[in-house]
Amino acid sequence: MAGNAANMSGGSTLQKARTEALREAMAREKIDVLVLMGNNWHADYLRYGTDFGIQEGQGIALVRADGSTTLLLDDAAECERARGETAGCDVVHAPRLVQETRDRIKRSGNRSLAASPMHLLPFGLLKLEEDDLRIADGAPVIEQLLMTKMEVELDCIRRASVLADEGYVIFRDAARPGRKDYELIAEIEGFFRSRGIAENFMIIGVGGQEVRGMAPPGGKVLKAGDLVTTELSPCVDGYYAQLCRTLVVGEASETQKKAFSVYQEALEEGIKTVRAGVTAADVARAENDVFRKYDLGKYTTSEYTRVRGHGMGLFLDQKPQILEDVDIKLIDGMTMIVHPNTYHPDAGYMVLGDALVVRPDGHECLSTLSRELFSVNAS
Amino acid sequence: MRRGLMAWDASEVPVATIEARQDKLREAMRSGGLDAFIAYTNIARPAAVSWMSGFTPYWSEGIYCLPLKGTPVFATALSKRVAEWIGTVMAVGKVEPTPQPGVVIGKKLAELKIANAGILELDDLPAKQARALMESAPDTAFCDASKMFAPIRAEADASEIALIRKAAALASECIERTDPQAASVQDLVAPCELHARLSGAEEIFINVAPDLSADARLKRTDTASTLADTFALRLSVAYKAGWVRMTRSFARTSAGATDFDRLQQVFDAFVPQSGNSIDAMLRQIFADNGATLKSWQLEQPRGGYPLAIVAGSEVDNTWSASAPSVLSVDVETASGHWLAARPLF
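Listed in order, the protein sequences are those of chains A and B.
Numbering of the first sequence is given in our numbering, commencing with residue 5 and proceeding in unit increments.
Numbering of the second sequence is given in our numbering, commencing with residue 1187 and proceeding in unit increments.
Here chain A stands alone, though its shape is the one from the complex (with noise of 0.2 Å):
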């Protein structure tokens, strides 16, 4: 089993580590309170600064420079479990959640106050600033701790690419023509749960050259000649760890074969660039100049394509969002995947990536999968 209950002494290690990591942010930030907020869309800030992975409705960390910290959540069952599952935290049921913490705020007295991430910051925390308390945007203090892996961090991150690897496995074998997309994806969800893993990103692209992304399962049913596009992240103790694989239902086609083979080359030349002190920049130029080499470049707009690879951690998609104009530098124990993912106008939409843990001098690949296009029997 590869989630916490196999890991519970493993996860107080690591809860120490990041504790002890954002406290030194803290006192270098100069922050008295850190206000981290969260939901199932975005547990991550919440996770770092609590250890709690929350499930349903919304939470809030008060965490202080005393080392002291507040979890603050608004679902009643959400609070028991939290309780049962976090250490070093003050759990406290609050079903005016906002009210709530900045009744705590005002009472503490604090006056150097943060908060992450500054996009799910709550409205009616700004009332605070009719108390002359103003909160700063707290991404100096924890941004950079999100991006960069500590060794327990990345143990995680390695156990989730292992799975993510198995899980592809399951996924090819479910794949057959007659089969919805969402069957696909409750075989692996089946899997994942079987090993112990709680939560999984996850999305699917079925048919030929019409298709033009992935999405969540509609319902499709996969027929011979179909591509099956998918993106699959299982989550170890909170660490998402991605792999993109194709697969044709049937012999793969010669078009189909001709226009994988440029993703194949893209995310060789992608991975071949990661290495510490790089750009995100430099990585996502080294995988679209192979498309503009077979007069491909357009595929590689926001057009056809969000990103040509991202961060992965605690949140799915972190920075260094891997796109020509992102000049955020890699560093030692970065993780993320490169996924020259795109629209190709012979074929269709086509994925390819691997995850990866950056290093001085170069990098450590975590997807062990074959890079293939995958083909299964489509009798």
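Hints listed in this document are in silico derivations from the structure and should not be mistaken for laboratory results.
Predicted model only: the values in this text are computed from it and were never measured.
Keep in mind that a hint or two might mislead.
[As the list claims (entries may be wrong)] Each computed BS3-like pair below joins lysine-lysine, with the alpha-carbon atoms no more than 30 Å apart:
no.: 1; chain 1: B; residue 1: Lys1280; chain 2: B; residue 2: Lys1293
no.: 2; chain 1: A; residue 1: Lys227; chain 2: B; residue 2: Lys1352
no.: 3; chain 1: B; residue 1: Lys1299; chain 2: B; residue 2: Lys1333
no.: 4; chain 1: B; residue 1: Lys1266; chain 2: A; residue 2: Lys131
no.: 5; chain 1: B; residue 1: Lys1333; chain 2: A; residue 2: Lys131
no.: 6; chain 1: B; residue 1: Lys1299; chain 2: A; residue 2: Lys184
no.: 7; chain 1: B; residue 1: Lys1333; chain 2: B; residue 2: Lys1255
no.: 8; chain 1: B; residue 1: Lys1266; chain 2: A; residue 2: Lys323
no.: 9; chain 1: A; residue 1: Lys262; chain 2: B; residue 2: Lys1266
no.: 10; chain 1: A; residue 1: Lys131; chain 2: A; residue 2: Lys110
no.: 11; chain 1: A; residue 1: Lys333; chain 2: B; residue 2: Lys1299
no.: 12; chain 1: B; residue 1: Lys1266; chain 2: A; residue 2: Lys297
no.: 13; chain 1: A; residue 1: Lys323; chain 2: A; residue 2: Lys20
no.: 14; chain 1: B; residue 1: Lys1314; chain 2: A; residue 2: Lys323
no.: 15; chain 1: B; residue 1: Lys1266; chain 2: B; residue 2: Lys1299
no.: 16; chain 1: B; residue 1: Lys1333; chain 2: B; residue 2: Lys1266
no.: 17; chain 1: A; residue 1: Lys297; chain 2: A; residue 2: Lys276
[Said to hold, decoys possible] Here are some, though not all, of the chain A residues that point toward chain B, as calculated from beta-carbon distances under 10 Å:
no.: 18; residue: Thr23
no.: 19; residue: Leu26
no.: 20; residue: Asp185
[What the hints assert, rightly or not] Listed next, with one range per pair, are the computed distances between beta-carbon atoms:
no.: 21; chain 1: B; residue 1: Val1201; chain 2: A; residue 2: Lys262; range: 40 to 50 Å
no.: 22; chain 1: B; residue 1: Glu1518; chain 2: A; residue 2: Met122; range: 22 to 32 Å
no.: 23; chain 1: A; residue 1: Asp141; chain 2: B; residue 2: Glu1270; range: 26 to 36 Å
Glycine residues also receive a C-beta, built at the ideal position from the N, C-alpha and C atoms.
Using the hints, position chain B against chain A.
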């Protein structure tokens, strides 16, 4: 994230049904002097936008704006390509992909010369979106419209009831397939997950109280492994935005199973008559069977949450008998806790 079946089927939720919901909302807006109603959505708070548009996000966030007159607009941070997909699963409304949903909706309000706009759960709205919205519509006055929305949402139409019934059927089938002798939490839950998703569930959250003799807390399945002689399984299942919870307690011994079955029959037969008498009635039926009610709660869709506590042993009663709800109980027996939950229609 949501990764089960996400599709809009007009035979399940006709456009006319969504339009009727929006008409009810517009009627309340007129009475309340509002020219527009605005609701935020993400996967943690999707219920209001799902109800008024038919759309549930699988990821990211968005803002839905229903003007008193004209086409509703849904501004989302999801990409343009994903917006094309949203167009296929959102029954009513125009999709606007944008990195700044607040700005797009604010500009829309300004363009329509909206004087008064009501926002659902204003305090909870992300400040970045709220500020962008307000700055882009400087001539619009904003207020919290949660109290206006609540009574409208407290009544369910036939489509919503049918979706919830389907979700309840999926949850029941999962419970029926549960093996009380499962070797571990993971062996217990994997078949539930598989069955629910193979049958078209949009989402399933599974929690387990692995040892009812010691603790009634429901853990996530990655933080529990060993099952004791008595344990409970809670399934929170969604089918096309219709949510239910179902909790069942299991005993591995035949004597324990007999006791638990008796309590289950008592619980299944219970029909709440009114909010105020639920507490007394529940206490009585369990006392009559040698057990003690520790706590109870009723959940219904409210605002952005698919299921929110509307009545219980520790909260004020705002339960509506005219909409489906979920009743959960924690009961103390001679062998420890006994947990149960089921939907009420």
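For each hint, the structure was consulted:
Using a Cα cut-off of 30 Å, the hinted pair Lys1280/B and Lys1293/B holds, with the two alpha carbons roughly 15 Å apart. With a CA separation close to 28 Å, the supplied pair Lys227/A and Lys1352/B stays within the 30 Å bound. A C-alpha spacing of about 24 Å is found between Lys1299/B and Lys1333/B, which places the hinted pair at or below 30 Å, so the restraint holds. Using a Cα cut-off of 30 Å, the hinted pair Lys1266/B and Lys131/A is violated, with the two alpha carbons roughly 34 Å apart.
For the hint pairing Lys1333/B with Lys131/A, the CA-to-CA distance comes to about 21 Å; that is within 30 Å, so the pair holds. Simply put, Lys1299/B and Lys184/A have alpha-carbon atoms about 46 Å apart, too far for the 30 Å limit, and the pair is violated. Of the supplied pair hints, the one linking Lys1333/B and Lys1255/B holds, its CA atoms being roughly 22 Å apart against a limit of 30 Å. As the CA atoms of Lys1266/B and Lys323/A are separated by approximately 21 Å, the hinted pair is consistent with the 30 Å bound.
A hinted pair counts as satisfied when its Cα atoms are at most 30 Å apart, and Lys262/A with Lys1266/B qualifies at roughly 28 Å. Among the hinted pairs, Lys131/A with Lys110/A is consistent with the structure: their alpha-carbon atoms are about 10 Å apart, no more than 30 Å. With a CA separation close to 46 Å, the supplied pair Lys333/A and Lys1299/B exceeds the 30 Å bound. Taking the CA atoms of Lys1266/B and Lys297/A, the gap is near 26 Å; set against the 30 Å cutoff, the hint holds.
About 24 Å separates the Cα atoms of Lys323/A and Lys20/A, which keeps this hinted pair within 30 Å; it holds. This hinted pair checks out: Lys1314/B and Lys323/A have alpha carbons roughly 19 Å apart, not beyond 30 Å. A hinted pair counts as satisfied when its Cα atoms are at most 30 Å apart, and Lys1266/B with Lys1299/B qualifies at roughly 27 Å. Of the supplied pair hints, the one linking Lys1333/B and Lys1266/B is violated, its CA atoms being roughly 34 Å apart against a limit of 30 Å.
For the hint pairing Lys297/A with Lys276/A, the CA-to-CA distance comes to about 17 Å; that is within 30 Å, so the pair holds. At about 19 Å, the closest approach between the beta carbon of Thr23/A and any beta carbon in chain B exceeds 10 Å, and the interface hint on this residue is violated. Proximity of Leu26/A to chain B is violated relative to the hint, the smallest CB-CB distance being about 22 Å (cut-off 10 Å). Hint on Asp185/A holds. Least Cβ distance to chain B is approximately 8 Å, under the 10 Å limit.
For Val1201/B and Lys262/A, the Cβ-Cβ distance of about 44 Å falls inside the hinted range of 40 to 50 Å, so the restraint holds. For Glu1518/B and Met122/A, the hinted distance range of 22 to 32 Å is not satisfied, since their beta carbons lie about 45 Å from each other. Hint check: Asp141/A to Glu1270/B, Cβ distance near 33 Å, so the stated range 26 to 36 Å holds.
Checked against the numbered hints given earlier, this structure breaks hints 4, 6, 11, 16, 18, 19, 22; the rest are met.
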